[in-house]
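Sequences and hints are given; from them, build the entire structure.
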Amino acid sequence: MNVYLYNTALGLYLASTLVYAVSLASNRPRFERPGYYLLAAAFVVHFASTVARFFEAGYTPITNIYESLSFLALCIAGFFIYIRKTYRVEMVGSIIAPLVSLVVIMSLGFPSEIRPLIPALRSAWLPVHTVLSFLGNGIFVVGFFISILYLLIEKEIKRKRSFLFSDRFPSLETLDRINYRCMSLGFPFLTAGIITGSIWAGFAWGSYWRWDPKETWSLITWIVYAILFHNRLALGWRGRRTAYMMIIGFLLVLFTFLGVNFLLKSLHAYV
Amino acid sequence: MKKQAIGILGLNHNTAPLNVREKLYIKEGSIPVLLRMLREEGVPESVIVSTCNRTEIYFSGEDSEEMMEKVRRVLSRAFTAPDDWFTAYMYGLSGEEAFRHLFLVASGLDSMVIGEPEILGQVKDAYRIAASERSTGFFLNKTFHKTFNVAKRIRTETRIGYNPLSISSMAVELAKRIFGTLDKKRILVIGAGEMCEVALKYFQKQGVSDILITNRTYGKAQKLAGEIIGKARPFETLFDLIVDVDMVLASTGSEEPLIDPARLQAVMKKRKNRPIFFIDIAVPRDVDPAVNDMDNVYLYDIDDLKDLSQKHLSDRVRESEKAQVIIDDEAARFSEWLRKVDVNPLISHIMARAEEIRSKEMKRALGRMGVSDDETVNNIDTMTRALMNKLVHPYLALLKENGDPAVFDTLKKLFQFEDNDEEDMDSGDKGL
Chain A
1 MNVYLYNTAL GLYLASTLVY AVSLASNRPR FERPGYYLLA AAFVVHFAST VARFFEAGYT
61 PITNIYESLS FLALCIAGFF IYIRKTYRVE MVGSIIAPLV SLVVIMSLGF PSEIRPLIPA
121 LRSAWLPVHT VLSFLGNGIF VVGFFISILY LLIEKEIKRK RSFLFSDRFP SLETLDRINY
181 RCMSLGFPFL TAGIITGSIW AGFAWGSYWR WDPKETWSLI TWIVYAILFH NRLALGWRGR
241 RTAYMMIIGF LLVLFTFLGV NFLLKSLHAY V
Chain B
1001 MKKQAIGILG LNHNTAPLNV REKLYIKEGS IPVLLRMLRE EGVPESVIVS TCNRTEIYFS
1061 GEDSEEMMEK VRRVLSRAFT APDDWFTAYM YGLSGEEAFR HLFLVASGLD SMVIGEPEIL
1121 GQVKDAYRIA ASERSTGFFL NKTFHKTFNV AKRIRTETRI GYNPLSISSM AVELAKRIFG
1181 TLDKKRILVI GAGEMCEVAL KYFQKQGVSD ILITNRTYGK AQKLAGEIIG KARPFETLFD
1241 LIVDVDMVLA STGSEEPLID PARLQAVMKK RKNRPIFFID IAVPRDVDPA VNDMDNVYLY
1301 DIDDLKDLSQ KHLSDRVRES EKAQVIIDDE AARFSEWLRK VDVNPLISHI MARAEEIRSK
1361 EMKRALGRMG VSDDETVNNI DTMTRALMNK LVHPYLALLK ENGDPAVFDT LKKLFQFEDN
1421 DEEDMDSGDK GL
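So the sequence lines, in the order shown, correspond to chains A and B.
Under our numbering, read the first sequence as residues 1 to 271, first letter to last.
Under our numbering, read the second sequence as residues 1001 to 1432, first letter to last.
Simulated from the structure, these hints should not be mistaken for lab results.
Don't take each hint at face value.
[Said to hold, decoys possible] Under the rule of at most 25 Å between Cα atoms (straight-line distance), these lysine-lysine pairs were calculated in the PhoX-like manner: (1) K1413(B) x K158(A); (2) K1176(B) x K85(A); (3) K1360(B) x K1322(B); (4) K1306(B) x K158(A); (5) K1306(B) x K155(A); (6) K1184(B) x K1270(B); (7) K1311(B) x K160(A); (8) K1400(B) x K1124(B); (9) K1390(B) x K1413(B); (10) K1223(B) x K1184(B); (11) K1322(B) x K1184(B); (12) K160(A) x K1176(B); (13) K1201(B) x K1176(B); (14) K1205(B) x K1223(B); (15) K158(A) x K1390(B); (16) K1363(B) x K1400(B); (17) K1124(B) x K1322(B); (18) K155(A) x K1269(B); (19) K1124(B) x K1023(B); (20) K1311(B) x K158(A); (21) K1201(B) x K1231(B); (22) K1272(B) x K155(A); (23) K1176(B) x K155(A); (24) K1269(B) x K158(A); (25) K1360(B) x K158(A); (26) K1184(B) x K85(A); (27) K1311(B) x K155(A); (28) K1223(B) x K1201(B); (29) K1360(B) x K1412(B); (30) K1205(B) x K1184(B); (31) K160(A) x K1201(B); (32) K1184(B) x K1231(B); (33) K1176(B) x K158(A); (34) K160(A) x K1306(B); (35) K1269(B) x K1184(B).
Here you go:
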């Protein structure tokens, strides 16, 4: 059931991507809405697939690369739907839809069968720690792309020649606000993810903090976002600088998520 | 019966110099009179479009050559102008060329500033006046409705009117790229020139909430503040004013830049780096160009805006080629439709059908009554004829006056009129 729903969700994500692509290529804003609705429908089906997998497996399905990528994609799509509600930025979906499709397709490259949960993960902390961490990661992914978009549009306006991106995408001020929203929501989730992870480690590994690569890089990421958060609130950093920081922060998230697993030896080797 | 044709006699900015255009300009108030003169001359349908760049008379009648002569006669009677003006400066087109020209005009392709949108409104007004004067009938109604359709299609399918050309509208456009909506934004004006007034009207239309005006001569600031709804502020507080606004429009006669990066840096700190947009239309410049390199500061000076305007104009020229393709396509289809749709056969059919029913029913009634004296027969004949005419008349009137193909189709079905063409105009015609 979960696989069937998952494939349906992917189909809808791809359909949304296609509609958005048509909208961009033909320069017809009236395709933005259908593109968005397809994306929202995909999210609902994707969510149902995750719930189905939860019941079929008997545990929170964020225990391997396949499940994690799926859940990450779900968080990205969900957060986009959330910001769309406030900012009416349908067109940002033209980045989110292909991105989510790509993450889902990537997940299909990893083993997907449901296996009995390994003892180390049998804990009430599993859903708490993973859901919080991935919500944070998903939000930072959106922040990363919003920041790139911001920099592109800022450059266009400063260069005064062509307005390829700013013709179709939201204004600088809107993007900056979304960026702030990403930061102010992503940071608490990241913090909570690290704290719950540490508590869980205390139970499972006997020590709250042992400078495992995953822990170390999470901390580095956290410090970067903390600096960004401070600078924005205390020093009034805005626009370009915060966009750069969001990009650096995301690259660290990416490294902590994937790099540590594949490149460094870590106890945290499930995902 | 000869087929109706559409024609045009007119002049525009390409064919006539300004003094001729001025002379032959027709004020809105005088249009009804001229329309009446045209009807009295025997031109059944006409629409007069007159703007500062063109005066054009669209007409429809059975013989376009003859109609054109009639229009020319009316014009030379109505205007005290040399007679050769009506041939030397005017162009006459008929048939497909005529409505093709109308499509071009309404879409802004024949305008001096290519793609400008005002002309469509002017053509619509011209049509409305003619329609309310009952100077339009089936053909011009249809032609103008089609025209509005084509103009709309060109607006949505090409970017002909997309990029603004005027300094003011470009400034608004750029501000929107930075701020999104200009609703509740604040703008500061430095200097109180006439240029500012025009630009400010644009910004006001976008919902800018506060307009602050400052000028070395405080009185001038107060005067401009009175003319538009704004607030005058002393010039000495310039940098304090910049702290609280989102946009600055500068146009003073100052020899030296008033705003430099160093002092602006301090202001940006006080603003907590909220973005600020400078529009510097002064020569020499009021804002040091280096401020554009500062974070969250955007500066466009008069040369930037002029370059952008040039670029937008060339974009429009490129888009006008796409528009031409649409017009070719629509003109071909409209011409095909005109060839097929001819109300006369349908009118004769309706009359014949009504007459058939009338004579059959009358004969039957007479047979039943068993009367045969001429007077009674005549009376019944007159009565039924009057009845028939009164019943049929509204249909025929609708058919003659209304250019809507839906009416044509409904009546065709209602009276079971079969002709060889079942193909009709595309459904897109309905959204006028």
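Which numbered hints does this structure break? 1, 3, 11, 15, 16, 25
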